[in-house]
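Residue numbers (my numbering), protein chains in the order written: chain B, 2 to 130; chain V, 2 to 130.
Treat the hints as calculated values from the structure; they're not laboratory data. Fair warning: there could be bad hints in the mix.
It does not matter which identical chain is meant; a pair holds if it fits inside one copy or across any two.
With a straight-line Cα cutoff of 20 Å, these simulated DMTMM-like cross-link-like pairs (lysine to aspartate or glutamate) come out [stated by the list, open to error]:
| no. | residue 1 | residue 2 |
| --- | --- | --- |
| 1 | K98 | E24 |
| 2 | K112 | E73 |
| 3 | K22 | E89 |
| 4 | K39 | E89 |
| 5 | K112 | E12 |
| 6 | K112 | D15 |
| 7 | K39 | E86 |
| 8 | K122 | E73 |
| 9 | K122 | E28 |
| 10 | K22 | E86 |
Values in this document were obtained by computation on a predicted structure and should not be read as measured data.
Protein chains: 2
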Amino acid sequence: MQALGRQILVEFYDCNPELLKSETYMENAMVQACIEGKATVVTHTFHSFSPGGVSGVVVIAESHVAIHTWPEYGYAAVDIFTCGETIEPWILYNYLKTAFESRQASQMELKRGLFETAGEKLRHKPEGL
Amino acid sequence: MQALGRQILVEFYDCNPELLKSETYMENAMVQACIEGKATVVTHTFHSFSPGGVSGVVVIAESHVAIHTWPEYGYAAVDIFTCGETIEPWILYNYLKTAFESRQASQMELKRGLFETAGEKLRHKPEGL
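From just these sequences and the hints, can you work out the full model?
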């Protein structure tokens, strides 16, 4: 079986709540994480919600990175979805864990788009970008 | 334990490849799925990749819905991340399965942001939107 994508689902607990409130900080951290991980940023959109909390997504050529923060619980949910072999999602994870000052995190990695192949290699995007 | 969010990860196999190639079709279907599920659409961004395939995200007040398509494999990866109790993510799932003409799908539902509470109810956004 070969997979088209990898997805890391992360629960960042015990973060710095002040950081989680800041749309600008979150947007910069998420974009910078993608750059550190050598992802190709296509676009990004971030929004603040009342009474606090930020949702945002960075669309990358290799899929996407999404975040939702609950500053009142010191918690951020992050998804790092990648395809291809040019980027390493755990670099993004490490960057974000430091950026959010998370003292407790749990994470899991899933394979997405599994296909049984007869030896040939699945073609991943974004090589044709 | 109470959860802040629910996430449905869906593998849509055996879709109509022509539909998966169309950025306009994908964007309309994803936004319409959110409307059908009574989600509040905040923004959406979709992009086509060469030689085929679409990536897109709809940010909703209740979190996000993301898609990546591989028309060459008739496959789409969809994430439906929701918080709060006002929307039912499986409505979005059903809408998209029909829209993509998927003849085979697998899915799983995860709880995100688990907290041990002493009886009090976790406050979900976006009630304060």
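Against the structure, the hints:
{"no.": "1", "hint": "K98 with E24", "verdict": "within (17 Å within a copy, 34 Å between copies)"}
{"no.": "2", "hint": "K112 with E73", "verdict": "between (32 Å within a copy, 18 Å between copies)"}
{"no.": "3", "hint": "K22 with E89", "verdict": "neither (27 Å within a copy, 27 Å between copies)"}
{"no.": "4", "hint": "K39 with E89", "verdict": "within (8 Å within a copy, 36 Å between copies)"}
{"no.": "5", "hint": "K112 with E12", "verdict": "both (18 Å within a copy, 11 Å between copies)"}
{"no.": "6", "hint": "K112 with D15", "verdict": "between (27 Å within a copy, 18 Å between copies)"}
{"no.": "7", "hint": "K39 with E86", "verdict": "within (11 Å within a copy, 37 Å between copies)"}
{"no.": "8", "hint": "K122 with E73", "verdict": "between (46 Å within a copy, 14 Å between copies)"}
{"no.": "9", "hint": "K122 with E28", "verdict": "neither (35 Å within a copy, 29 Å between copies)"}
{"no.": "10", "hint": "K22 with E86", "verdict": "neither (33 Å within a copy, 23 Å between copies)"}
The earlier numbered hints that this structure contradicts are 3, 9, 10.
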